[in-house]
Amino acid sequence: MAYAIGIDLGTSNSVVSVIKDGTPHVITDADGNRTHPSVVSFGHGQNPIVGHEAVRLMNLNPQGTVYSSKRLIGRTIDSEEVVRAMHSVPYEIVAGENHDPRIRVHDRVYSLQEISAHVLRYLRGLAEAYLGEPVGHAVITVPAYFNDNQRQATRDAGEIAGLEVLRIINEPTAAALAYGLGERKDEHAAVYDLGGGTFDISVLRIMGDVFEVVSTAGDTYLGGDDFDQALMDYFVAQLGPEHQRQVRRSPSARLKMRRAAEQAKKDLTDHDEARVRVDALVKDDRGYDQAFTSSISRIQYNQIVFPLVKRTFEVCDEALTAARCTPGDIGALVMVGGMTRSLIIQEAVENYFGREPALGVNPDEVVSMGAAIQANNLMSSLQGIPGGTGTLLIDVTPQSLGIGTVAGFCERLIERNSPIPTGISRTFTTGVDYQTEVKISVYQGEGRMASENEKLGEFVLTGLRPAPRGDVKITVHFDIDGDGIVQVTAEESDTGNAASIRLEASTGLSADEVSDLREELNYDNLGF
Amino acid sequence: MELELRRRVEVETVFSLLDELDHYRILRLKAGAPTSEVERAFGEQSQQFHPDRFYGMRDPKLTRMVTQVYKRISESYQILRDPELKRMYDKKLGVMGMQAPTLTGSHRSVDRASLEKEREEGHSDSVVSDKRAKKYWDLALIAKQNEDWNGVVMNVQFALNYEKDNARLQKELDRARVLLAEKKKKTQNPYKIKIV
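Top line first, the protein sequences correspond to chains R and C.
For the first sequence, the positions run 1 to 528 when the working numbering is used.
For the second sequence, the positions run 1 to 196 when the working numbering is used.
Only chain C is shown next, with the shape it has when bound in the complex (with noise of 0.2 Å):
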C-alpha cells in the first residue's frame, strides 16, 4: 500500500512539472548524454512510468496522468535516439563543450514534431550543395512560406538546372505542381470572360 501511494506521488511530481523538463532532464540524463545512455535512460524510465505498470490500479485520473507523462518520455526518447534529430536539439539547447544547459521550458517549442518539420524543411545546406542551386532554393523556401506555389515552381526549376539528379527537389517540385494545380481549380472564376 505505501509503495502504491510512494509511485502515485512520484507520478504526480513528474506530472506537474511536464511542461519544464527538457528531453534530457525527463528521462532523468545529463544535457548532451551519449544515444547508449539514453536508450538504457529509456528502459528505466518505462519500468517505472509506463502505463502497464499501472494496470491494475484502476484509476482513470492516474491513468491519464501516467499516460500523458509516458507519451512524453517516449517522445524525448525518439527525438534522442535519433542521431540526427538529437544534433539539431542539442545545438537547440546549447549543448556545446562546457556551456551548461539553460533552456528551460523547451518543450513546448522543441517537441518532435517541430524537430521533424524542420529536418523535412530541410536546411540550405544538408538539401543542395552547388551555390548558385542553393540561391534558388532559399527563394523556393521563402514562396513556399508564403504559399506562393508558382515562385517555388519556379525556383525549384532553376535550383534543378544546376543539379539535376537532386531527388529532393524534384519532390518538391512535384508537390508544388499539385498544390498549384490545385489552387488554380479553387480559384476559377466560371463567369470570367477570356479574350483573345
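The following block holds chain R by itself, in its conformation from the complex (with noise of 0.2 Å):
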C-alpha cells in the first residue's frame, strides 16, 4: 500500500508522521530533530530553504526569512492579526489582488499559500527520503477554530505542494486520536491546546470507535508567541525611552528581545528565575554598542501572562457550555501544543478541570501522530483494505454559517458545534423585474450583525432566467463538507437547472493559480 502522511503544520514548527508497520513513526531530518520550524528563507538562489537551516539564515537575512506564516493565511489585509504583523515582523507584507495579504521578498510576491506550501513541500520531501519512496496523499491539521478561508488556503497549499489532501483535520480531534483514549470505555474527553499561534478546546464523546467532537471553541489570536510578546513588551519596558525607540525601529533588535524572551519563558519552566542577557542590542549617546541584562523571576512572570491564561479558561468555559458538561463531567484530559509544558498552564489546567493530563505521548507530537493514523484509515479504505476503517471521527463546524440580510443582519443557517458533513438549503427570489442576478454574501461567525463576522466571500448567481419579481426561484444548498469547507451550489426550483455561481470578494486562490503554482513549485523529485 502507498503510504500516506500526518503533517501538522504548526505556526512555529512543523511535524510529519507515517503509520508504517502498524505503529505511527515521527519523521526526523538529517540531524535527527522532530520537530521543523515553520520557518522559509528566500536566499537568491533558485529554492527556498526551510526547517532549521533557515532559522539560521534569519540573522543574516532577517527580510527574506518568513516566519510565524500561520498567522495571517487565510486572513484579509486589514485583519487585526495582519495589522498586527506588519508592525512586528521584520520581512514585508503587502496586499493581493483579493485583499488578501501577501509577502514580498527580492522583489517577488508570494502568496500565503505558497509560503506553507514549501513547508509542505519539505516535508513531503522529508517523508520520501525516509521511506525510500514518493508519498503522494497526506493529512493536514489546522486548529479547530479555523474558519473556512484558512481551511481552504491550506488545503491549496497542500495541493501547491504536490500531494493530493484526503482530508483537513483538526489539531485537537487529531490529538484525542493519537492518545488511543477510550478503549472500549466511554466517557468525555477534553482536549487543551495552546500551541505557537492559537488555542483551541475541544470536548469529544468517545464510545468504543466512534469518537464525537460534541463542542469545540478557540482563539486564533491567542498562542505561545502572545506570551512572548508580553514578556517581550516587559523586558523592552526597562530601557530608557531612547533605546526603546532603537528597539522599535530595528527588526534585529527587535527579533534578538524576541529570542531572549523566547529562552527565558523555557528556562522558567526548570528555574524559579531566568537570566537574560542581550549583546549589542543599542547604541549607547557615543554609538558603542550596549548589552541588555535583566531577570525574571517565575512569579514575574506567572504574572504578567496571567490575563492570557484566564483567557482559555473563558474559552473553556464556552466549550463545556455548549456540550452541557462541566468540567467534572472529563473523564479524560489531553494536554497538546508547546505552551502546555509550561508550569503555570499544568497547574491552571489541573486545577481548572480538577484532574491530572493523560500522559505518555510528546505534546509536540501527538497531533501530527493523530493525523498519520487518520491518513492511513483513509489511504486503506481507499484502495478497499478491510480494517483500515476502525475508527470514526465525527468532527463539528467551530464557527456558525450566515448570510447577509436586510439592513445588514447576518441570518443563521447551520450553527456551530454541528456534526459534518451538514448542509442546508434556501430558496430565494428575484426582487426586480427581469432581475439576472442574485447575489449571497455569505459569513461566519455568531455576531447578529454581518459586520460582526468574518466574510467569506460573495456569491453570485448568473444567467437567471428573466422574468417578472418573484417569478424566478433559486434553491440555494450551504454544505459543510468534510474538511469543515463551505461549499454553495444552486439550481432553478422548477427547472431543476443548475445555476452559475459565481464566488467574489474572497481571499483565496483560483483553482487555475493552484495548479500553476504546483507546476512551478515540484521544482525536484528528490532522485524519484
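If you're looking for bench data, these hints aren't it; they were derived computationally from the structure.
Example chain R residues on the side facing chain C (calculated, C-beta under 7 Å, incomplete):
#1 MET207
#2 VAL210
#3 LEU382
#4 GLY384
#5 PRO421
So these bits of chain C aren't anywhere near chain R, every CB distance computed over 10 Å:
#6 GLU2
#7 LEU5
#8 VAL9
#9 PHE15
#10 GLY32
#11 LEU62
#12 MET88
#13 ASP90
#14 LYS135
#15 GLN145
#16 LYS164
#17 ALA167
With a straight-line Cα cutoff of 30 Å, these simulated BS3-like cross-link-like pairs (lysine-lysine) come out:
#18 LYS439/R to LYS185/C
#19 LYS455/R to LYS184/C
#20 LYS117/C to LYS439/R
Keep in mind that this is a model prediction, so the values were computed, not measured.
We treat Cβ as the ideally placed atom computed from N, Cα and C, and that holds for glycine.
From these two lone chains plus the hints, build me the complex, please.
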C-alpha cells in the first residue's frame, strides 16, 4: 500500500508522521530533529531553505526569512492579526489582488499558500527520504477554530506542494485519536491545545470506536507567541525612552529581544528565575554597542501572563457550556501544544478540570500522529483494504454559517458545533423585474450583525431566466464538507437547472492559480 | 463484495424513505426516547452512515445519497440532544403519555431551522412574565409578522415599561429600530416637498 502522511502544520514548528508496520513514526531530518521550524528563507538562489537551516539564516537575512506565516493565512489585509504582524515582523507584507496579505521578498510577491506549500513540500521530502518512495497523499491538521478561508488556503497549500489532501482535520481531534482514548470505555474527553499561535479546546464523547466531537471553541489570536510578546514588552519597558525607540526601529534588535524572551520563558520551566542577556542590543550616546541584562522570577512571569491564561479558561467555559458539561464530567484530559509544557499552564489546567492530564505522548508530536492515523484509515479505505476503517471521527463546524440580510443583519443557516458534513437549502427569489443576477454574501461567526462576522465571500448567481420579480425561484444549497469547507451550489427550483455561481470577494486562490503554482513548485522530485 | 452490496442497499433504502422518517425513526428510536438513548443512537447510526464509511467506494452517486442521509441523521440528532428543541418537537409529535406517534412525513414541516426559529421568536410565555407586558409583546409579534416596524417599536416600548430589565425585549427593540430606519431610508422620496 502507498503511504499517506500526517502533517501538523504549526505556527512555529511542524511535525510529519507516518504509519509504518502498524505503528506511528515521527519523521526526522538529517540531523535527527523531530520537529521542524515552519520557517522559509528565500535566498537569491532558486529554491528556498526550510526548517532548522532557515532559522540559522534568520539573522543574516531577516527580510527574506518568513516565520509565523500561519497567523496570516486565509485572513484579509486589514484584519487585526495582519495589521499587528506588519508592525512586528521583519519581512514585508503587502496587499494581494483579493485583499489578502502577501509577502514580498527580493521583488517577488508570494501568497501565504505558497509559503505554507514550501513548508509542506519540505516535509513531504523528509517523508520520501525516510520511506524511500514517493509520497502523494496526506492529512493536514488545522486549529479547530480555523474558518473556511483558512481551511481552504491550507488545503490549497497542500495541493501546491504536490499532495493529494485526503482530509483537513482539527488539531485537538487528531490529538484525541493519537492518545487512543476511550479504548472501549465510554467517556467525555477534553483536549486543551495551546500552540504557538492559536488556542483550541474540544470536548469529545468517545464511545468505543466512535470519536464524536461535541463542541469546540477557540481563539485564533492567542498562543505561545503572545506569551513571548508579553514577556518581551516587559523587558523593553525596562529600557530608557531612547533605547526603546531604537529597538522599535530595528528588526534585528526586536528579533534578538524576542529570542531572549523565548529563552527566558523556557528557562522558567525548570528554574525559579531566568537571567537575560542580549549583546549589542542598542547603541549608547557615543555610538558604542550596549548589552541589555535583566532577570525575571517565575512569580513575576506568572503575573505577566496571567491575563492570557485566564482568557483560555473563558474559552473552555464556552466549550463546556455548549457540550452541556461541567469540568467534573470530563473523564480524560489531554494537553497539546508546546505551551502546555509551561508550569503555570499545567497547574492552571489541572486546577480548572480537577484532574491530571493523560501522559505518555509528546505534546509536540501527538497531533501529527493522529493525522497519520487518520491518513492511514482513509488511505486503506481508498485502496479497499478492510480494517483501515476502524475508528470513526465525527467532527463539528467551529463557527456558525450565515448569510447577509436586510439592514446588515446576518441570518444564521448552520449553527456552530453541528456535526459535519452538514448542509441546508434555502430558496431565494428575485426582487426586481427581469433581474438576471442574485448576490448572496456568506459569513462565518456568531454575531447578529454581518459586520461582526468574517465574510467568506460573495456568491453571484448568474444567467437567471428573465421574468417578472418573484417568478424565478432559486434553491441554494449551503454545505459544509468533511474538511469543514463551505460549498455553495444552486439550482432553479422549477426547472432544476443548475444556476452558475461565481465566487467574489474571497481571499482564496483560483483553481488555475493553484495548479500553476503546483507546477512551478515541484522543482525537484528528490530523485524519484 | 457482498458486504459492500448490502451496505449500498441499506443506503438506498433509507434514502428513499427520507421524507417519511421523523426525527426519532431516522435514528431508529422509539418516539420520545430519552437523551441518553439519542446520543447512543447517533453513534450507532454514524458508524453505519457517516460518509467516511464509504470514502473508499469512490461512487459519486452513492456518496451523494449517503451524505443526504447523514445530514438528516445529524439534524435529527441536533434537535433531540437539545432539551428545549426536543420538548418542542415532542409536543408537535404528540408524544404525551400513552399516545402513539402519528406524525409521518414530519421532517418537512418540523426541521431544525423551523424549530430554532420558533425558539428565537419565542412564545410569549417564555419571553415576558408580566401580564400587561405580554399583551403588548403579542401585539409586537403581530406587527413583526406584518413587517410593521413602527408597530414593533411602539409595542415593545410599552412592554418594556412593565419589564424594564428584559434583555430580550431590548434586543428586539434595537433590531426593530434598525429595520425601521432602513425602511425609511428606502421610501424617502427626494422630490417630496415638506410643508412647514
